[in-house]
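Peer 1: Single-letter residue listing:
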Amino acid sequence: MRVKLEVNGVTHEREVEPRTLLVYFLREELGLTGTNVGCDTTSCGACTVLMDGESVKSCTVLAAQADGRSITTIEGLAEGEELHPMQRAFREHHGLQCGYCTPGMVMAAVSLVTESPDLDETHVREGLEGNLCRCTGYHNIVAAVLDAARSSREGAW
Amino acid sequence: MIPASFDYVRPGSLDEAVSALAEHGDEAKLLAGGHSLLPLMKLRLATPSVLVDIGRLGELSYVNDAGDHLAIGALTRHHDLHHDPVAMHHAPLLSFVAGRIGDPQVRHRGTIGGSIAHADPASDLPAAVLALGGTLVARGPGGDREIPADRFFQGFLESALTPEEVLTEIRVPKATAGHAYQKFVRRAQDWAIVGSVVARVDGRVGVALVNVGPTPVRADAVETALAGGASAAEAAELAAEGLEPPADNNATPEFRRHLARVLTARALAEAGL
Numbered sequence: 001m002r003v004k005l006e007v008n009g010v011t012h013e014r015e016v017e018p019r020t021l022l023v024y025f026l027r028e029e030l031g032l033t034g035t036n037v038g039c040d041t042t043s044c045g046a047c048t049v050l051m052d053g054e055s056v057k058s059c060t061v062l063a064a065q066a067d068g069r070s071i072t073t074i075e076g077l078a079e080g081e082e083l084h085p086m087q088r089a090f091r092e093h094h095g096l097q098c099g100y101c102t103p104g105m106v107m108a109a110v111s112l113v114t115e116s117p118d119l120d121e122t123h124v125r126e127g128l129e130g131n132l133c134r135c136t137g138y139h140n141i142v143a144a145v146l147d148a149a150r151s152s153r154e155g156a157w
Numbered sequence: 001m002i003p004a005s006f007d008y009v010r011p012g013s014l015d016e017a018v019s020a021l022a023e024h025g026d027e028a029k030l031l032a033g034g035h036s037l038l039p040l041m042k043l044r045l046a047t048p049s050v051l052v053d054i055g056r057l058g059e060l061s062y063v064n065d066a067g068d069h070l071a072i073g074a075l076t077r078h079h080d081l082h083h084d085p086v087a088m089h090h091a092p093l094l095s096f097v098a099g100r101i102g103d104p105q106v107r108h109r110g111t112i113g114g115s116i117a118h119a120d121p122a123s124d125l126p127a128a129v130l131a132l133g134g135t136l137v138a139r140g141p142g143g144d145r146e147i148p149a150d151r152f153f154q155g156f157l158e159s160a161l162t163p164e165e166v167l168t169e170i171r172v173p174k175a176t177a178g179h180a181y182q183k184f185v186r187r188a189q190d191w192a193i194v195g196s197v198v199a200r201v202d203g204r205v206g207v208a209l210v211n212v213g214p215t216p217v218r219a220d221a222v223e224t225a226l227a228g229g230a231s232a233a234e235a236a237e238l239a240a241e242g243l244e245p246p247a248d249n250n251a252t253p254e255f256r257r258h259l260a261r262v263l264t265a266r267a268l269a270e271a272g273l
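For the record, the sequence lines run as chains A and B.
If you read the first sequence in my numbering, its first letter stands for residue 1, the second for the next number, and so on.
If you read the second sequence in my numbering, its first letter stands for residue 1, the second for the next number, and so on.
Pulled out of the complex, with its shape left as it was, chain A reads as follows:
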């Protein structure tokens, strides 16, 4: 079947098998390998991308379901050399250890802060329930998201 997706602002049209999962479409058809596959069972959140601005786990979405929709991956966040405020906050707070969960964690955090910028620590921890960090580096991740949420409220996004 033919699908047409807007990914990071660019429209891509491809012939795919109906069973093609969005994450493999992104990684193998488009070469966007920033989105990782972790558990492949909708648990870990490593494959999180934005679909029409909302976080989804791309291992559990068919490319066919994303047909005609707008997808943002970690590669699409920065404006040229200028990091997205969430990426900058993760760097400043060292919100990563091995880095494997980071793209999904950043995308989930962007969706969370976009939906409700007025967050406290509990909200951030609950809002990131769908993303696992096997290094258990949650402390700095939460600090980064709180900082980015603050910058969002101050109009920096």
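Simulated from the structure, these hints should not be mistaken for laboratory data.
This one's a predicted model, so the numbers in the text were calculated from it and none came from an experiment.
Zero decoy hints are in this set.
Here are the computed lysine-lysine pairs in the BS3-like style, where the Cα-Cα straight-line distance is at most 30 Å: (1) B:Lys29 to B:Lys42; (2) A:Lys4 to B:Lys29; (3) A:Lys4 to B:Lys42.
Let chain A serve as the given structure and place chain B on it in line with the hints.
Peer 2: Here is chain B on its own, set in the frame of chain A:
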């Protein structure tokens, strides 16, 4: 993990979806948000030869105040139900439970109809609809049919829907007199190891349990005891009566019985009983 091959059709209306099911019969599965079905297909535990994707039928996504009850479109996503002002006002239990499902990413995709039609005893919303005494509306080739929630869940992943029917609407009575959902998990996003839902509806108390058998179940003995004047603590002691809970990595049957009693006691107290 990749699902087995299938044909994909995307009907443009509910009527087209019903026709597609009539054409393909039990070879076909409906795809809504896909968050129950796709994981099973990736594990090859489900291998439908045709997927009928109804995920974009906007006509089935709504929360309407219908006088004495709320009418919820089957394709209403958990995220939308959780944040819907009408649901929050008239069916706060349902809105609360929707917000406890999985995690934000799952709630952005999963739908109430998908969750209920999948009939997983470990899911949250089926027990909530049972406790509320809801009604499920299905559209088939012969028209609409109403199915009481008490008769809808018939076995493990088995509902009263025929292969030709689409679940279109979930109806629940307005219930604002008190509610609670106690969900026991080891990790925040997990399925309930056991859950207990309490809904106070028109002077009646509905109690339903999650993941204690092949279907979500009403805790009949608890409800009867409460109706007969027993205290909440006395009634909760009866929560495991008649249960034959499953054993798995998370819990033995005896631990599940214990959880049913403890969580029901907590839920009744939280609901003001």
